[in-house]
Each structure stands twice: as structure tokens, then as C-alpha cells.
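Trainee: Just so you know, the sequences run in chain order G and R. In my numbering, each residue's number is its place in the first sequence (first place is 1) plus 343. In my numbering, each residue's number is its place in the second sequence (first place is 1) plus 20.
Incorrect hints may have been included.
Okay, the calculated bits of chain G under chain R, using three or more residues with CB under 8 Å as the criterion [as the list claims (entries may be wrong)]:
{"hint": "1", "region": "354-366"}
{"hint": "2", "region": "373-386"}
{"hint": "3", "region": "439-447"}
Read the hints as simulated data drawn from the structure, not as lab findings. Yeah, the Cβ is synthetic: ideal placement off N, Cα and C, and Gly gets one too.
Chain residues, written in single-letter form:
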Amino acid sequence: AQSVTQLGSHVSVSEGALVLLRCNYSSSVPPYLFWYVQYPNQGLQLLLKYTTGATLVKGINGFEAEFKKSETSFHLTKPSAHMSDAAEYFCAVKPSSGGYQKVTFGIGTKLQVIP
Amino acid sequence: DAGVIQSPRHEVTEMGQEVTLRCKPISGHNSLFWYRQTMMRGLELLIYFNNNVPIDDSGMPEDRFSAKMPNASFSTLKIQPSEPRDSAVYFCASSDGQGNQPQHFGDGTRLSIL
Numbered sequence: 344a345q346s347v348t349q350l351g352s353h354v355s356v357s358e359g360a361l362v363l364l365r366c367n368y369s370s371s372v373p374p375y376l377f378w379y380v381q382y383p384n385q386g387l388q389l390l391l392k393y394t395t396g397a398t399l400v401k402g403i404n405g406f407e408a409e410f411k412k413s414e415t416s417f418h419l420t421k422p423s424a425h426m427s428d429a430a431e432y433f434c435a436v437k438p439s440s441g442g443y444q445k446v447t448f449g450i451g452t453k454l455q456v457i458p
Numbered sequence: 021d022a023g024v025i026q027s028p029r030h031e032v033t034e035m036g037q038e039v040t041l042r043c044k045p046i047s048g049h050n051s052l053f054w055y056r057q058t059m060m061r062g063l064e065l066l067i068y069f070n071n072n073v074p075i076d077d078s079g080m081p082e083d084r085f086s087a088k089m090p091n092a093s094f095s096t097l098k099i100q101p102s103e104p105r106d107s108a109v110y111f112c113a114s115s116d117g118q119g120n121q122p123q124h125f126g127d128g129t130r131l132s133i134l
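The following block holds chain G by itself, in its conformation from the complex (with noise of 0.2 Å):
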């Protein structure tokens, strides 16, 4: 069984400021995890994955992750917040195992940026 927790629905910080969006998973397996970012009215895109080597993992927008065995985790960070980030962003697992397996998301959390 697989399961991922994003701590805080709701998370605000001002325009400049870092950005730190917190996932931890619990997995039976070495798992696969994906963030993905909503716009309104949108589906979700990928910002970032990671599946095996470095485990600090870079995507699109500026932002980074990384995944940290010991700690079951793999938050989302950004150094500087622009207004564009203002989104809902998921975290995902997937068991890195054979064969057909599901994706587990989190319950998403909205980032607000305050100017």
C-alpha cells in the first residue's frame, strides 16, 4: 500500500520568499514521485519526477526537490516566489515495482503569493 501527505492545504507567502511545499509518502517499494502543478481551470503538469540517481531534482519554473530515503519525503521548494506561482500543486508516488501500478496524489496544496 502507498500513501502521500501534503502538510497544509493552504500555504501563503509573500512575493520573494521562499517557496517550501512539504510531501512525505510511505511506500513497500523504492517509489517514483512526481510533483504537478494546477492553474485554474486546468489539468495538471508535471513539474518534476524523480525515479533513481541524484536525488536532488530539478523542473521547470525554478523550482527543485528532494528526495530523502531517511525521511520518507520529497518536498518542493523555490527560492523566490513570483505571482505566477499562485497555483494548487500536487505530490504523487508511484511503487517503482513491475507490472501495473497506481498513482497515489496528495490532497494538493494551494499556494498563494501575496505581493
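Please arrange chain R on chain G, whose structure you already have, making use of the hints.
Mentor: Using the frame of chain G, we list chain R on its own:
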């Protein structure tokens, strides 16, 4: 490259009517997913197709929901009869089937059942 294309973008209909949602996956992708998104329940997987064959339909709410994938470039999700509680945003997503590849989402169909 064209992404996942869904139609219609918005649908408003009365309770009891049949609703058909359509999806064209990304060319070359062999996995297709239908999701439903609501405020209360978040993003729920309804059904997953691989190579046009339904593999996991455990998320389909009840017999009023059905999905088909007659070929690699087209899928439908049908609700008959529709009920107000079916109101949600329905997303279609596709991927190339490799385990570490992400899903690519369409822009969704916002369905309102009156």
C-alpha cells in the same frame, strides 16, 4: 506536439440525461486514465486502460458509469443516467506506459448536473 485533448470543456445537463465525455490521448501513448476531481474527494482514478484494454476499473463509482477505448486514439466516459452528485471535473491522462514516466493530463471537462 498536441497534448491530451478532451471535449467538451464544459457540460451542463439535467439529471437523468446521458453524458458522454471524450478524450484523445497523446499519439504513441499506450496508457490512458480517467480521473474525477472534486473538492471533497480530490483526484480519484476511475479507470485505467493499457493498449486499449481496461486494466483497472475499481474506481468506477457504479454501473451508471462506463468507459470505452475503441482504438489507440480515442476514449469515452459515459454516465447514464446522470445525477447531481456526478458534478465534478473529469480529467483524461495518458502516458507511454513505462513505469517511471509521468502522466500527461488534458484540461478536463467541467460537468454540472442540475
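Trainee: Each hint needs a verdict: does it hold in this structure or not?
Mentor: Going down the list of hints, with the structure as the test:
Given a C-beta distance limit of less than 8 Å, the hint that chain R covers the region 354-366 of chain G is violated, as 0 residues qualify and 3 are needed. A stretch counts as covered by a chain when three or more of its residues have a beta carbon under 8 Å from one of that chain; for the region 373-386 of chain G and chain R the count is 6, and the coverage holds. Here the region 439-447 of chain G counts 6 residues with a CB under 8 Å from a CB of chain R, which clears the bar of 3, and the coverage holds.
Hint check: a violation occurs at hint 1 only; the rest are consistent with the structure.
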